Amino acid sequence: MGAKNNPQKCLYCGGCVGVCPVSAIKLDETRIAIDNAKCIDCSACILICPVGANELVKGLKE
Amino acid sequence: MTPEHFDVIVIGLGPAGLVACRTLAEKKISVLGLDRKQEIGPPKRCAEGLGLAWFKRAKLKISPEWCVHKIYGATLFSPSGSSVTLKSKKLQGYILERKILEKHLAMDAVKKGAKIIAKSDVIEARREPGRVFLRVNNGGEEKQYSCGMVIACDGIDSLIARQLGLNTTNKLVDVDSGCQYEMTGISGYDPAVLNIYFGTDVAPRGYAWIFPKRKDTANVGIGIGGMQKETAKYYLDKFIASRQGLAKGSVIEANAGIIPVGGFLENMAKDSLLVAGDAAHHVDPVHGGGIGIAMEAGILAANVAAEAVHKKDFSEKFLSRYNKLWYETRGNELKKKLRVRHLLEQLSNDDFNYLADSLTIEEVMKIASADLDKPTKLIILGKKLVKRPGLAKIMLKYLN
Numbered sequence: 001m002g003a004k005n006n007p008q009k010c011l012y013c014g015g016c017v018g019v020c021p022v023s024a025i026k027l028d029e030t031r032i033a034i035d036n037a038k039c040i041d042c043s044a045c046i047l048i049c050p051v052g053a054n055e056l057v058k059g060l061k062e
Numbered sequence: 001m002t003p004e005h006f007d008v009i010v011i012g013l014g015p016a017g018l019v020a021c022r023t024l025a026e027k028k029i030s031v032l033g034l035d036r037k038q039e040i041g042p043p044k045r046c047a048e049g050l051g052l053a054w055f056k057r058a059k060l061k062i063s064p065e066w067c068v069h070k071i072y073g074a075t076l077f078s079p080s081g082s083s084v085t086l087k088s089k090k091l092q093g094y095i096l097e098r099k100i101l102e103k104h105l106a107m108d109a110v111k112k113g114a115k116i117i118a119k120s121d122v123i124e125a126r127r128e129p130g131r132v133f134l135r136v137n138n139g140g141e142e143k144q145y146s147c148g149m150v151i152a153c154d155g156i157d158s159l160i161a162r163q164l165g166l167n168t169t170n171k172l173v174d175v176d177s178g179c180q181y182e183m184t185g186i187s188g189y190d191p192a193v194l195n196i197y198f199g200t201d202v203a204p205r206g207y208a209w210i211f212p213k214r215k216d217t218a219n220v221g222i223g224i225g226g227m228q229k230e231t232a233k234y235y236l237d238k239f240i241a242s243r244q245g246l247a248k249g250s251v252i253e254a255n256a257g258i259i260p261v262g263g264f265l266e267n268m269a270k271d272s273l274l275v276a277g278d279a280a281h282h283v284d285p286v287h288g289g290g291i292g293i294a295m296e297a298g299i300l301a302a303n304v305a306a307e308a309v310h311k312k313d314f315s316e317k318f319l320s321r322y323n324k325l326w327y328e329t330r331g332n333e334l335k336k337k338l339r340v341r342h343l344l345e346q347l348s349n350d351d352f353n354y355l356a357d358s359l360t361i362e363e364v365m366k367i368a369s370a371d372l373d374k375p376t377k378l379i380i381l382g383k384k385l386v387k388r389p390g391l392a393k394i395m396l397k398y399l400n
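First to last, the sequence lines map onto chains A and B. If you're matching positions, the first sequence starts at 1 in our numbering and goes up one per residue. If you're matching positions, the second sequence starts at 1 in our numbering and goes up one per residue.
FYI, nobody ran anything at the bench for these hints, they're computed from the structure. Hints may be right or wrong, so weigh each one.
Straight-line C-alpha distance at most 30 Å; calculated DSBU-like pairs for lysine-lysine [what the hints assert, rightly or not]: (1) B:Lys-28 / B:Lys-70; (2) B:Lys-248 / A:Lys-26; (3) A:Lys-9 / B:Lys-248; (4) B:Lys-248 / B:Lys-59; (5) B:Lys-229 / A:Lys-61; (6) B:Lys-171 / A:Lys-26; (7) A:Lys-9 / A:Lys-38.
If you're wondering where the values come from, they're calculated on a predicted model, not measured in any experiment.
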């Protein structure tokens with residue numbers, strides 16, 4: 001799997017960065033950068049996102 | 001390239017970081033403030049309310065430039081729609097225009113001797129013998145800095161403290177998810193007070209708010225517990241659609257954020273590192289407000305950092321006095337408030353309605369500020385909740 005951010009929905013609050021247990025996400029001004037090599041598919045970033053901008057997507061780790 | 005050296009580098013320039021820069025500059029400590037964003041201030045992740053007492057604590061001027069609207073109290077709406085209003089000196093405050101306040105805080109810090117650079121992303125923070133080394137991307141160009149110590153005020157998405165060995169990650173159960181629109185062309189709220197709405201349908205494990213900035217303009221937002229089925233935005237849109245006065249309005253700004261309401265970090269110091277503000281989870285666990293608390297923490301961290309510079313001692317052992325100072329100044333009070341939060345999380349709509357109908361607003365305020373005296377507690381538990389032993393039991397458990 002792996003996590004993906006939808007920039008159209010995202011408000012760049014960094015909430016997902018704050019709950020990511022493996023520091024796989026970084027907020028770059030107006031871009032959420034997800035390092036899927038580190039992602040452990042825990043869904044924390046999806047459950048916390050105030051606007052539903054993150055989702056788990058198959059095949060992002062290859 | 002020899003890195004440019006400062007005594008202290010503050011990373012993240014929100015309220016905590018800016019006040020830390022100002023405080024250090026006032027003490028003639030060489031200080032550099034770095035912020036990742038292209039502009040100090042926006043985007044806000046905040047409802048912008050600040051109580052009067054905090055202005056004094058943070059040495060903040062009450063200026064019409066950033067204090068855009070005076071507030072005289074609060075109205076709390078229960079799930080059934082009944083409401084209580086309290087206006088008191090203690091509840092007075094201002095709704096800020098934060099982007100303007102923060103620009104002014106930055107100018108003030110620079111006037112006092114700090115250096116500040118926006119659009120500066122710290123790409124590496126590393127301890128070296130006797131100093132901290134930073135690699136910074138400043139608008140595409142790499143800069144290198146060194147310092148005696150770092151104060152990390154880089155918010156909920158803090159990675160700096162994590163890089164330097166202090167885990168600031170939030171657990172899902174300890175955060176609220178928030179969404180807010182600044183709206184204009186709205187009506188149907190009392191512009192003299194903070195309007196707060198409770199109910200599991202409105203905002204599960206949280207509340208909705210209307211913080212007035214003008215008669216027809218307000219921050220309309222919602223904070224919900226961190227693990228709900230729907231998003232905060234879903235509940236906010238629903239809240240707005242259900243109120244005619246809001247539904248007809250226009251959105252002029254969309255904000256989001258998560259709120260670290262589950263208690264501050266037990267240890268906020270490491271070798272050459274202090275943490276303040278959202279990064280240290282410095283938020284009031286009952287109402288989720290954090291501007292004042294963050295600034296207070298920023299000042300304390302700066303005071304300890306200044307001592308460390310004078311003593312040339314940046315060890316965790318020395319810097320730990322920040323933890324102690326924090327507990328004495330605000331931490332112990334926030335610990336008590338965390339228990340109140342845990343109480344609120346247990347209450348059903350029915351409980352809320354019952355309490356709203358049976359308690360006086362003074363009693364509610366005493367509970368909310370974790371300041372419940374024995375006689376009041378006896379009246380609440382012994383008289384007002386006699387018919388609701390289950391509720392009394394929950395209250396007793398958390399209000400010790």
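Going straight from one Cα to the other, do A:Lys-9 and A:Lys-38 come out at no more than 30 Å?
-> holds (23 Å)
Is the straight-line distance between the alpha-carbon of A:Lys-9 and that of B:Lys-248 30 Å or less?
-> holds (23 Å)
Holds or violated: B:Lys-171 with A:Lys-26, Cα cutoff 30 Å?
-> holds (17 Å)
Between B:Lys-248 and A:Lys-26, is the straight-line Cα distance small enough, at 30 Å or below?
-> violated (37 Å)
Do the alpha carbons of B:Lys-248 and B:Lys-59 lie within 30 Å of each other, as the hint requires?
-> violated (39 Å)
Taken at face value, is the distance from the CA of A:Lys-61 to the CA of B:Lys-229 at most 30 Å?
-> Roughly 27 Å between the alpha carbons, so the hint for B:Lys-229 and A:Lys-61 holds.
30 Å Cα cutoff - pair B:Lys-28, B:Lys-70 = violated (35 Å)
In summary, the structure is inconsistent with hints 1, 2, 4 from the numbered list given earlier, while agreeing with the others.
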